[in-house]
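Participant: So you can see what is in the structure, the chains are spelled out below.
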Amino acid sequence: MAGGIGSGPGKSARTYAGFGVPLILPAWLVIGIFLVVPIGIMLVYSFLTKEFRGGVVWEFSLAAYDQFFFDRGLFGDDPPQIEWTYILIFWRSIWQAGLATLLSLLIGFPTAWFIATRPASTRTIWLFLITVPYWVNLLIRTISMKFLIRDNGPLNTWLLEAGLISEPIHLINTWVAVQLGLFYSYLPFMVLPIYAAVERYNFALSEAAADLYASRFVTLTQIILPVVKPGIIAGCILVFVPSLGSFLAPDLLGGAKNFMIGSLIDEQFKGAAGNWPFGAAAAMILLSMVMLVLIFYARSQSRREET
Amino acid sequence: MARKPDLRRFPGFLPLTLLCIFLLYAPLIIVAIYSFNNSASITIWGGVSLRWYEDVFWGPESDKFKQAAINSFVIAVAAATTATVIATMAATAMLRSGSFRGKGASFALINLPLMVPEIVTAVATLIFFSAIGFSTGLLTILVAHIVFCIPFAYLPIAARMQGIEEVYEQAAQDLYATRWQAFRLILLPLMTPGILSGFLLAFIISLDDFIITNFVKGAGVETLPTAIFGAVKQGIKPNIMAISTLLLAVSILFVTLSYFAGRIGQNRK
Numbered sequence: 006m007a008g009g010i011g012s013g014p015g016k017s018a019r020t021y022a023g024f025g026v027p028l029i030l031p032a033w034l035v036i037g038i039f040l041v042v043p044i045g046i047m048l049v050y051s052f053l054t055k056e057f058r059g060g061v062v063w064e065f066s067l068a069a070y071d072q073f074f075f076d077r078g079l080f081g082d083d084p085p086q087i088e089w090t091y092i093l094i095f096w097r098s099i100w101q102a103g104l105a106t107l108l109s110l111l112i113g114f115p116t117a118w119f120i121a122t123r124p125a126s127t128r129t130i131w132l133f134l135i136t137v138p139y140w141v142n143l144l145i146r147t148i149s150m151k152f153l154i155r156d157n158g159p160l161n162t163w164l165l166e167a168g169l170i171s172e173p174i175h176l177i178n179t180w181v182a183v184q185l186g187l188f189y190s191y192l193p194f195m196v197l198p199i200y201a202a203v204e205r206y207n208f209a210l211s212e213a214a215a216d217l218y219a220s221r222f223v224t225l226t227q228i229i230l231p232v233v234k235p236g237i238i239a240g241c242i243l244v245f246v247p248s249l250g251s252f253l254a255p256d257l258l259g260g261a262k263n264f265m266i267g268s269l270i271d272e273q274f275k276g277a278a279g280n281w282p283f284g285a286a287a288a289m290i291l292l293s294m295v296m297l298v299l300i301f302y303a304r305s306q307s308r309r310e311e312t
Numbered sequence: 517m518a519r520k521p522d523l524r525r526f527p528g529f530l531p532l533t534l535l536c537i538f539l540l541y542a543p544l545i546i547v548a549i550y551s552f553n554n555s556a557s558i559t560i561w562g563g564v565s566l567r568w569y570e571d572v573f574w575g576p577e578s579d580k581f582k583q584a585a586i587n588s589f590v591i592a593v594a595a596a597t598t599a600t601v602i603a604t605m606a607a608t609a610m611l612r613s614g615s616f617r618g619k620g621a622s623f624a625l626i627n628l629p630l631m632v633p634e635i636v637t638a639v640a641t642l643i644f645f646s647a648i649g650f651s652t653g654l655l656t657i658l659v660a661h662i663v664f665c666i667p668f669a670y671l672p673i674a675a676r677m678q679g680i681e682e683v684y685e686q687a688a689q690d691l692y693a694t695r696w697q698a699f700r701l702i703l704l705p706l707m708t709p710g711i712l713s714g715f716l717l718a719f720i721i722s723l724d725d726f727i728i729t730n731f732v733k734g735a736g737v738e739t740l741p742t743a744i745f746g747a748v749k750q751g752i753k754p755n756i757m758a759i760s761t762l763l764l765a766v767s768i769l770f771v772t773l774s775y776f777a778g779r780i781g782q783n784r785k
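These protein sequence lines map, in sequence, to chains A and B.
So the first sequence is numbered by the working numbering: it starts at 6 and just counts up by one.
So the second sequence is numbered by the working numbering: it starts at 517 and just counts up by one.
The following block holds chain A by itself, in its conformation from the complex (with noise of 0.2 Å):
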């Protein structure tokens, strides 16, 4: 039955060969049961009438996506126009999104390069010093940022005392706050995958690039960007994803006035306005979103390989 002496470890014999099935089960069932058919089900809800005070009644209805695109006045019986309330936060939620991608892009990149460039024996612990804060509890380093910043917290009053600035900036409760905290939590996401991209570069590129005369600038633009890129655009989507669902920053850092998608949600099922029905709508409209990005990459990954 092994593949006995002969056998070199090229040609496994596969072990439990007819035990795949068996094995795998206990993992399909629990991701199955618990995560796959639990959308399915918030797809069905998504299409059913709200129920005051949270659930749903069982029939059809159009009306969560209705809300979602068209405003028909207080009694919903106006010619239809466009809502654009909850066109805006999910807008907002895109370019905020977009912009931590960008700001993590711009010093992950140097970071990933730098620690990627190490000797061995030190890489590790410049890598391990990025990956533990990505460890570290969202909630706990959202309150962090939030202390950090508060209008009477240590930032200001380091600035006063320094005599940089005359107030203090009152950075809690604006965009600009959950634009921090955003790109404070996904910043090591961004780093881990461009430094494993960066770790394959063959050096030897670089060298042929500057026997050509090719100054630095144009050695990193043109050889060296396009060669790491499937890190950066897997970096990328690593920091953008679970920012544009991002639910803690905009609720710590933002306050009621910047809204984002998760917010949103949240607000259907834990807040005030309880309207569930909406709220598996907008978390649909959320998954597709994802989803797109995510076959757009697998799309972009299997062309490379083609190539």
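Fair warning: there could be bad hints in the mix.
[Stated by the list, open to error] Stretches of chain A that chain B covers, calculated by requiring three or more beta carbons in the stretch to come under 8 Å of a beta carbon on chain B: (1) 42-55; (2) 136-143; (3) 152-164.
In short, the hints are calculated from the structure, not lab data.
Remember, predicted model here, so these are calculated numbers, not experimental data.
Think of the CB as a built atom: it goes at the ideal place given N, C-alpha and C, for glycine as much as any other residue.
Based on the hints, put chain B in the right spot on chain A.
Facilitator: The following block gives chain B in isolation, referenced to the frame of chain A:
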């Protein structure tokens, strides 16, 4: 011939790296420092003291936090253990069982919890339990945590299994070990660092989760993050900074343990 400049260096990358690390740590370090503040105000420095740690353990809110900590711990141990078992079986299927029906989809499924935004998972899980008429509580939190712990346990376990050549199990089988014996006596001991690392990561992820827990926890049941969030909603108090610092220390401890567990035996090639 003149020595060529080092092509690996770019001016300004070192300062940017230091800035990156400074940005990542500064808020955490500041909160940790202020948690030792001997002042009822969170902004005015009143000297070093442990009074807010005392407050966390013996103060008026200590019962609430203790119960929340127990809930968090029990859920994290149970979720991480279950997820580790499921992930180990899944890794054996994916890496040691040849081809089987649905193998391609399995990889996507295992990683699905990482791809779906947390808030969407939270909504879907809440709606699911509501639809089947299951009342929310500790059990629903546990189930939700097992789901998203699976990919985090899977990654280090699969990475470790990939690094272990199959010849050891084959040798055992040549010596008339059954498959189960080969698994239990050969593969499992070799896998221990990876399994430990996977367990610890799943444990931290469960301990840290706020969004999904907040949706499926039900009234009156709190874990540490939801209790902290509830308290912060009324403003940051010094005891919150102390409890945050404690949780921070626990996270760092577990990541460090996981890091070293993953490295055990990696140097011998």
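Participant: Each hint needs a verdict: does it hold in this structure or not?
Facilitator: We went through each hint and held it up to the structure:
A count of 6 residues in the segment 42-55 of chain A with a Cβ less than 8 Å from any Cβ of chain B is obtained; the coverage claim is therefore met, three being the minimum. Given as covered by chain B, the segment 136-143 of chain A passes the check, having 7 residues with a CB less than 8 Å from a CB of that chain where 3 are the minimum. Requiring three or more residues with a Cβ within less than 8 Å of a Cβ of chain B, the coverage given for the segment 152-164 of chain A holds, as 7 such residues are present.
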